[in-house]
Structures are given as C-alpha cells and as structure tokens.
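These protein sequences, in sequence, are chains B and H.
Quick note: the first sequence, position 160, residue 160 per the working numbering, numbers continuous.
Quick note: the second sequence, position 141, residue 449 per the working numbering, numbers continuous.
One thing to keep in mind: the hints can contain errors.
[Stated by the list, open to error] Below, simulated DMTMM-like cross-link-like pairs (lysine to aspartate or glutamate); rule was C-alpha separation at most 25 Å, straight line:
hint : chain 1 : residue 1 : chain 2 : residue 2
1    : B       : K211      : B       : D199
2    : B       : K112      : H       : D488
3    : H       : K320      : B       : E202
4    : H       : K494      : H       : E483
5    : H       : K320      : B       : D204
6    : H       : K416      : B       : E202
7    : H       : K417      : H       : D522
8    : H       : K320      : B       : E20
9    : B       : K115      : H       : E580
10   : B       : K211      : B       : E109
11   : H       : K320      : B       : E109
12   : B       : K112      : B       : D199
13   : H       : K416      : H       : E368
14   : H       : K494      : B       : D204
15   : H       : K494      : H       : E480
16   : H       : K416      : H       : D349
17   : H       : K417      : H       : D349
18   : H       : K417      : B       : E20
19   : B       : K112      : B       : E202
[Claimed, not checked] Computed footprint of chain B on chain H; a stretch qualifies when at least three of its residues, placed anywhere within it, have a C-beta under 8 Å from a C-beta of chain B:
hint : stretch
20   : 322-334
21   : 377-386
22   : 390-404
23   : 425-434
24   : 445-455
25   : 460-469
26   : 509-521
[What the hints assert, rightly or not] Just so you have them, the derived chain H footprint on chain B, three or more residues with Cβ under 8 Å:
hint : stretch
27   : 48-58
28   : 173-187
29   : 253-265
30   : 282-288
These are computed hints drawn from the structure, not numbers from a lab.
All C-beta atoms in this analysis are idealised placements derived from N, C-alpha and C, irrespective of residue type, glycine included.
Here is what each chain is made of, one letter per residue.
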Amino acid sequence: MSTKTAAFKPPSRKLFKRNEIWGWLFAGPAIIGFLGFTLGPMIASIYLSMTDSSLGFDGNWIGMAHYARIFTAEPFIWISVRVTLTFVAIAVPMHIITAFFIAVLLNTEGLKGLKYWRTIAYVPSIVPGVASMFLWRWIMNPRGLLNAALESVGIPGQNWFFDEFWVLPAIAFMGIWGIGGNMVIYLAGLQGVPRSYYDAIEVDGGGIFSKFRYCTLPMMTPVIFFTIIMGIIGGLQTFIPALLVTEGGPNNASLFYGWHIYRTAFINFNMSYAAALSWIMFLVILAITAIVFATSKHWVYYEGGESK
Amino acid sequence: MTMSRTTARRVKLTICYTLVAILSFLFFVPFFWMVRSALMDTAQLFRYPIQIFPNPIVWENIPNALQSQPFALFFRNTFILVIANVAGVVITSSMAGYAFSRLAWRGKKLLFYALLSTMMIPGFITLIPTFLIWTNLGAHNTWIPLIVPSWLGGTAFSVFLSRQFFLTIPRELDEAALIDGASQWKIFWVILMPLLRPVLAVLAIFTFMGTWNDLINPLIYLTDQRLFTLSLALARFRGPFATQWDFLMAASAIVTLPMVVVFFVFQRYFIEGITLTGIKA
Numbered sequence: 001m002s003t004k005t006a007a008f009k010p011p012s013r014k015l016f017k018r019n020e021i022w023g024w025l026f027a028g029p030a031i032i033g034f035l036g037f038t039l040g041p042m043i044a045s046i047y048l049s050m051t052d053s054s055l056g057f058d059g060n061w062i063g064m065a066h067y068a069r070i071f072t073a074e075p076f077i078w079i080s081v082r083v084t085l086t087f088v089a090i091a092v093p094m095h096i097i098t099a100f101f102i103a104v105l106l107n108t109e110g111l112k113g114l115k116y117w118r119t120i121a122y123v124p125s126i127v128p129g130v131a132s133m134f135l136w137r138w139i140m141n142p143r144g145l146l147n148a149a150l151e152s153v154g155i156p157g158q159n160w161f162f163d164e165f166w167v168l169p170a171i172a173f174m175g176i177w178g179i180g181g182n183m184v185i186y187l188a189g190l191q192g193v194p195r196s197y198y199d200a201i202e203v204d205g206g207g208i209f210s211k212f213r214y215c216t217l218p219m220m221t222p223v224i225f226f227t228i229i230m231g232i233i234g235g236l237q238t239f240i241p242a243l244l245v246t247e248g249g250p251n252n253a254s255l256f257y258g259w260h261i262y263r264t265a266f267i268n269f270n271m272s273y274a275a276a277l278s279w280i281m282f283l284v285i286l287a288i289t290a291i292v293f294a295t296s297k298h299w300v301y302y303e304g305g306e307s308k
Numbered sequence: 309m310t311m312s313r314t315t316a317r318r319v320k321l322t323i324c325y326t327l328v329a330i331l332s333f334l335f336f337v338p339f340f341w342m343v344r345s346a347l348m349d350t351a352q353l354f355r356y357p358i359q360i361f362p363n364p365i366v367w368e369n370i371p372n373a374l375q376s377q378p379f380a381l382f383f384r385n386t387f388i389l390v391i392a393n394v395a396g397v398v399i400t401s402s403m404a405g406y407a408f409s410r411l412a413w414r415g416k417k418l419l420f421y422a423l424l425s426t427m428m429i430p431g432f433i434t435l436i437p438t439f440l441i442w443t444n445l446g447a448h449n450t451w452i453p454l455i456v457p458s459w460l461g462g463t464a465f466s467v468f469l470s471r472q473f474f475l476t477i478p479r480e481l482d483e484a485a486l487i488d489g490a491s492q493w494k495i496f497w498v499i500l501m502p503l504l505r506p507v508l509a510v511l512a513i514f515t516f517m518g519t520w521n522d523l524i525n526p527l528i529y530l531t532d533q534r535l536f537t538l539s540l541a542l543a544r545f546r547g548p549f550a551t552q553w554d555f556l557m558a559a560s561a562i563v564t565l566p567m568v569v570v571f572f573v574f575q576r577y578f579i580e581g582i583t584l585t586g587i588k589a
C-alpha cells in the first residue's frame with residue numbers, strides 16, 4: 001500500500017533552515033496530548049496495575065500480584081478469552097467475506113445505478129452504535145422480525161441473545177449491517193486494479209472465475225490484510241454489545257474480555273486490577289497481530305516485490 | 309460466438325441485478341423497521357403473528373418520546389461538544405501535520421514514530437488512568453475530559469492523516485512564500501490551509517461521527533443528567549423504560565436522523581475519508 005503514498009521528499013536544505021522553535025510550536029499541542037493522554041497514562045497504567053488501589057493512585061505496592069492472580073486465580077479469565085477469540089474467529093471472516101462479496105458485486109461493469117446501490121450498502125454503517133444495538137436487539141428478539149422472517153420460510157427461530165450457542169454468532173451477525181466502511185475500502189482497491197490485467201486474462205481465454213482467482217484476489221490481498229488486522233484489533237476489544245445487549249450473558253456466553261475489564265473498572269471499581277487485565281489484552285493483541293503479520297508473506301501479494 | 313457472448317453478459321448482469329436488489333432490500337429493512345416500530349403502540353408491536361405496517365400510525369410516539377426525557381437539552385449538549393471537538397481536531401492536528409511534514413526540528417522523527425506506534429494500544433490501557441487523573445483534577449462530571457484531548461492534537465490517526473496530506477502538496481508554494489519573507493505561521497494559515505480543505509473536511513466528519521457516537525467517555529465521566537449527550541441518554545433510556553420499545557425506537561430514530569442528514573450533505577467526504585484510511589495506512 002505504501003506504493004500509493006506520495007514519496008517523501010527531504011526538505012531542500014538551503015531554503016529550509018532548521019525550524020526548531022516553529023516545529024515544537026506547531027507540534028506542541030499534539031506533543032502535550034501525546035504525553036498527557038497516551039504516554040503518561042500508559043506509564044501510570046503500569047504503575048497502577050502493580051498497586052492494590054480501587055479508585056486512585058494511592059494504593060499499596062503489590063508488584064506482580066495482580067498478574068499472578070490473572071493467570072492462577074481469576075475465574076473469568078479463560079471464559080472471557082475463549083469468548084473473545086471465538087467471537088473474533090466468527091465475526092472477522094463473516095464481515096470481511098460479506099464486505100468483499102458486496103464490493104465485488106458493486107464493482108460489476110455495466111451495472112446501472114452503482115452509485116445508489118453503494119450508498120444503500122454504506123449508510124447503515126453511520127448509524128450511531130447505541131441506536132443500532134437497540135434496533136438489532138429489537139429485530140432479533142424471540143418474537144421479532146428475524147424469527148418471523150425465518151419461520152415464514154420454514155426455518156425455526158432462535159432465542160438469539162438469550163441462547164448460549166447463538167449469542168456470539170448473533171452479535172457478529174448484527175455487525176454485518178455496519179460493514180460499509182470495509183466495503184468502501186475494497187471498492188477503492190478494486191478500482192485500482194489495472195484493466196489491462198483483465199484483458200490479458202481474457203486474451204488467454206480465462207473467464208470470470210480465472211479473473212477473480214488470478215487477478216482480483218491477489219491484487220486485493222494487501223487491502224484484505226489491512227482490514228483483517230483492523231478487524232482483529234477492533235474485535236478483541238469488543239464490549240459495547242455486552243454493555244447494551246447481553247451484559248455478558250447468558251451464563252457468561254458473551255463475557256467479552258473488554259466487558260470484563262469495563263465492569264471490573266467502572267462497575268466494581270477495581271481500577272488497579274482492571275489496569276493489569278488491560279495490559280494482558282495488549283499482549284494478546286500484539287501476539288495475534290504478530291502471527292497474522294508472519295503469515296502475510298505467504299499470501300499477501302505486493303506489486304513490485306516485497307512489502308516496503 | 310459474439311451472440312453467445314452477449315447472452316452470457318446478459319445472464320451475468322441479470323444475476324448481479326437480482327443479488328443487488330436482494331442485498332439492498334436486506335440493508336434497507338432495518339431502517340424501515342426502526343421507523344415502523346417508532347410509529348406503533350405497544351399492542352401493535354407485540355401482535356403475533358407480526359404486523360408489518362403500523363395501523364393506525366401512532367404519530368404521538370415521536371413527541372411523547374421526545375418529551376419523556378429532555379432530548380432538546382441532550383441535542384444541544386451533543387452539538388456543543390461536536391463543535392468544540394471538530395474545531396480542536398481540525399486546528400491542532402493540521403498544525404501537527406505541518407510540523408511533522410514540512411518543518412525540520414530535533415525529535416521530529418522520534419516523536420512521530422512514537423505517536424504512530426501507540427495507535428495499536430487498546431483504549432482500556434489509557435482510559436483507566438486518564439479517568440483517575442481527570443477525577444483527581446476535579447474534572448469528573450464536566451465536559452473537560454470530553455473536549456481537551458481534541459485540542460491537543462486529536463488522535464494519532466488524525467495527526468497521521470493530515471501529515472500524509474501535507475506530503476502531497478508541492479513544496480514550491482511555501483518555498484516561494486518563504487523567499488517573499490512570509491513567516492511559518494503565515495505559510496501554514498494563509499497559503500496551505502485553503503489547500504488542505506479536503507483533509508480538513510475528512511477530519512471534521514470523522515470527529516463529528518466520533519463525538520456523536522461516543523458512548524464510553526460520556527458514560528464514565530458524566531453523572532449529571534443535564535450534561536448528557538444523545539448517545540448516553542439513549543443508552544440510559546432502557547433503564548426506566550425497559551419494555552417501551554415504541555419510545556426506544558422513536559428515540560433511536562431521532563438520534564440516527566441527524567447523522568444520516570449529515571451523511572447525505574457531505575457524502576463525498578465520507579467516502580474520501582475511508583478511502584484515505586485504507587490507502588494511506
């Protein structure tokens with residue numbers, strides 16, 4: 001993707017003397033923000049996680065005790081890790097495949113009214129999260145629209161959010177309504193595939209399938225890779241559906257790790273322990289992202305050689 | 309040969325139109341359902357088998373839902389926060405973008421990469437200590453924690469986005485101005501700002517969406533109902549009205565509508581913004 005970024009030209013030294021003061025002045029607010037709202041809190045969070053405070057920085061130093069507890073004596077840790085990983089494994093492929101399929105469909109040559117179709121597919125993703133959560137809770141209630149529609153074609157309805165098996169697929173499913181952002185990213189990528197590549201395949205006698213398999217798909221792997229990474233990072237932090245729809249239930253079947261952190265910090269007011277939990281989340285995100293990155297050289301195709 | 313080709317093309321297009329029509333219908337139905345449910349009374353809502361269209365249409369739901377809580381006040385609050393945050397992000401992150409792209413100063417590279425590398429940090433890591441710091445400073449239950457960060461560069465992403473955009477503007481412009489003796493501030497404010505309009509629009513829209521939809525920050529900082537935002541008020545709606553789905557849907561529609569209007573007015577920038585995100589990242 002770096003190929004699309006404008007090349008960085010080093011400043012011509014003669015004209016641009018060093019601008020120490022101006023540089024710090026212009027970047028000043030952002031630097032203060034970075035120190036005050038990112039770096040500072042990060043350090044504070046490490047410290048906090050090693051104290052026993054409930055609601056402040058005045059706790060006693062307890063070293064790694066919280067971390068030890070997470071791995072040995074925390075009843076919810078494995079449940080919430082399993083729930084979160086299962087959810088990511090369901091939601092990320094579901095959203096990416098759907099978004100990709102719709103983008104390819106809405107990039108079909110000769111299809112009229114593309115602009116309007118694209119708008120219809122995109123608009124749901126701007127619906128405020130709270131409104132969309134309530135709407136889906138309503139649509140997917142046991143006697144709601146979804147079950148009525150399913151039953152009308154002979155498929156039995158489910159207790160979506162109140163069923164241990166269905167709750168995670170149900171939460172992933174309602175997320176499909178908001179895939180517009182990914183769709184737009186894919187559309188931009190699809191429009192960047194040179195026509196001549198398709199023509200070459202056509203000359204060689206290839207059909208729609210070969211075009212898709214040997215041109216569209218490989219050319220799109222960098223964009224797909226980007227959306228997978230973003231999807232995983234976002235998915236691992238999921239907690240709003242638990243906050244607004246399931247409260248972690250039924251029977252902890254939607255006990256997202258993010259929800260566990262949230263309720264530990266802001267409902268049970270055990271801030272220091274929640275800080276330790278959030279660092280474990282960071283390590284998990286880091287590890288999973290690293291694994292996906294490591295696989296990328298086997299399947300992500302960068303035009304013009306290796307990724308830069 | 310040509311004949312079969314045209315036929316194949318026609319078949320392909322017919323399949324595509326059918327799929328597009330089905331998908332569009334599926335994506336549209338939830339909107340319809342929101343409005344339809346907002347215009348029904350409880351008896352209609354829970355009729356079984358399901359009643360698709362409201363009959364009679366219960367228009368009173370809209371004013372009743374609006375009056376059940378001080379929505380005008382929540383709307384005003386959200387609006388003030390949106391204006392304050394958009395102004396802050398647009399000004400301070402474009403300033404930072406200028407410093408990180410155009411100016412040469414010690415620490416620039418280090419700070420830029422430090423800023424970028426924190427984009428992957430989960431929000432919870434900073435959220436908890438930031439909450440404690442603001443509370444210690446006495447800013448709990450005020451809008452200060454919801455506004456100040458926007459005036460300090462916004463997010464790492466907004467700084468990154470404006471820096472990337474600065475890199476695409478030809479340097480000759482500011483070089484000429486510099487020769488004419490313009491100050492850095494003048495170059496930034498008078499010469500480059502107008503050229504920056506597309507990315508400023510994108511930043512403004514992202515910040516608008518972020519503020520309008522934000523739930524977690526208002527939720528943890530605001531306890532006084534008079535300070536609530538629309539999203540927070542909506543999230544709290546279910547407390548006393550757990551089963552009032554007619555009101556809940558009416559309120560959801562009210563919170564959604566301004567977003568949809570803004571989208572249709574600034575459609576171009578929405579799409580541009582997301583495309584930029586995908587390509588520049």
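Here is how each hint holds up against the structure:
no.: 1; hint: B:K211 to B:D199; verdict: holds (9 Å)
no.: 2; hint: B:K112 to H:D488; verdict: violated (52 Å)
no.: 3; hint: H:K320 to B:E202; verdict: holds (16 Å)
no.: 4; hint: H:K494 to H:E483; verdict: holds (12 Å)
no.: 5; hint: H:K320 to B:D204; verdict: holds (20 Å)
no.: 6; hint: H:K416 to B:E202; verdict: violated (50 Å)
no.: 7; hint: H:K417 to H:D522; verdict: violated (31 Å)
no.: 8; hint: H:K320 to B:E20; verdict: violated (61 Å)
no.: 9; hint: B:K115 to H:E580; verdict: holds (14 Å)
no.: 10; hint: B:K211 to B:E109; verdict: holds (13 Å)
no.: 11; hint: H:K320 to B:E109; verdict: holds (10 Å)
no.: 12; hint: B:K112 to B:D199; verdict: holds (22 Å)
no.: 13; hint: H:K416 to H:E368; verdict: violated (59 Å)
no.: 14; hint: H:K494 to B:D204; verdict: violated (58 Å)
no.: 15; hint: H:K494 to H:E480; verdict: holds (15 Å)
no.: 16; hint: H:K416 to H:D349; verdict: violated (61 Å)
no.: 17; hint: H:K417 to H:D349; verdict: violated (61 Å)
no.: 18; hint: H:K417 to B:E20; verdict: holds (13 Å)
no.: 19; hint: B:K112 to B:E202; verdict: holds (23 Å)
no.: 20; hint: 322-334; verdict: holds (count 6)
no.: 21; hint: 377-386; verdict: violated (count 0)
no.: 22; hint: 390-404; verdict: holds (count 4)
no.: 23; hint: 425-434; verdict: holds (count 8)
no.: 24; hint: 445-455; verdict: violated (count 0)
no.: 25; hint: 460-469; verdict: holds (count 5)
no.: 26; hint: 509-521; verdict: holds (count 3)
no.: 27; hint: 48-58; verdict: holds (count 4)
no.: 28; hint: 173-187; verdict: holds (count 4)
no.: 29; hint: 253-265; verdict: holds (count 4)
no.: 30; hint: 282-288; verdict: holds (count 3)
Hints 2, 6, 7, 8, 13, 14, 16, 17, 21, 24 from the earlier list are contradicted by this structure; the remaining hints agree with it.
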